[in-house]
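*Asks:* Throw the hints in and build the complete structure from the sequences for me.
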Amino acid sequence: MVTIPLYRQQAEDLQQYFFPYFKQLKVSNLANVAHLSVQCGEFLTVVAVNCIMDEVMLCVNKKLINTSGAKINLKLSDAQAVIFNRLLIQYPVTADQWHLLQLCRYLVDVLDKELIKHQIINSGKSMQDLKR
0 MVTIPLYRQQ AEDLQQYFFP YFKQLKVSNL ANVAHLSVQC GEFLTVVAVN CIMDEVMLCV
60 NKKLINTSGA KINLKLSDAQ AVIFNRLLIQ YPVTADQWHL LQLCRYLVDV LDKELIKHQI
120 INSGKSMQDL KR
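Each residue of the sequence shown is one higher than the one before, counting from 0 in numbering that gives the first Met the number 0.
Just so you know, the hints here were simulated from the structure itself, not pulled from any lab data. A hint or two may mislead.
Restraint-style ranges between C-beta atoms, simulated for each label pair [claimed, not checked]: (1) Leu-29 x Leu-100: 20 to 30 Å; (2) Asn-65 x Gln-89: 26 to 36 Å; (3) Leu-24 x Lys-116: 22 to 32 Å; (4) Ser-76 x Tyr-20: 14 to 24 Å; (5) Trp-97 x Pro-4: 19 to 29 Å; (6) Ser-67 x His-98: 15 to 25 Å; (7) Trp-97 x Ser-36: 42 to 52 Å; (8) Glu-11 x Lys-74: 11 to 21 Å; (9) Ala-47 x Ile-115: 20 to 30 Å; (10) Lys-116 x Glu-54: 20 to 30 Å; (11) Asp-95 x Leu-35: 30 to 40 Å; (12) Leu-35 x His-98: 37 to 47 Å; (13) Asn-60 x Val-26: 12 to 22 Å; (14) Gln-38 x Ile-64: 33 to 43 Å.
The list that follows gives simulated cross-link-like pairs (lysine-lysine, DSS-like), each with its CA atoms no further than 30 Å apart [said to hold, decoys possible]: (15) Lys-116 x Lys-61; (16) Lys-112 x Lys-22; (17) Lys-22 x Lys-62; (18) Lys-62 x Lys-112; (19) Lys-61 x Lys-112; (20) Lys-61 x Lys-25; (21) Lys-74 x Lys-61; (22) Lys-74 x Lys-25; (23) Lys-116 x Lys-62; (24) Lys-25 x Lys-62; (25) Lys-25 x Lys-70; (26) Lys-22 x Lys-74; (27) Lys-116 x Lys-74; (28) Lys-116 x Lys-25; (29) Lys-25 x Lys-112; (30) Lys-116 x Lys-70; (31) Lys-74 x Lys-112.
A virtual CB, placed ideally from N, CA and C, is assigned to each residue, including glycine.
*Replies:* In structure tokens, the structure reads:
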């Protein structure tokens, strides 16, 4: 279990700016493998990743609805944390979107530290290194 401390505004920014991209990415990924057999490994991987993306978005939405405080502790499973980290690394942020860039970097840093601490990824390679 990975815990990410967030302020309510950060969670709302996730919901407002990042989630539409994640939803579009799900549709795009599924369209890319639509021609494959349902039992093909690549197709099943895309479906599994899409389900985990939905779980992450649902987790953030639930926290926003059920928590009235200014601080939120987002708890994600190991698989959710890995997929969420990977999505944040892929998120296209331009230089003029400074607050989104800062939020994205903060989340990637926290997730990297938590995933290394829980030995999900080794300390030699962060998720940013895996992007290359």
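*Asks:* Does the structure break any of the earlier hints, and which numbers would those be?
*Replies:* Violated hints: none at all, because every hint is consistent with the structure.
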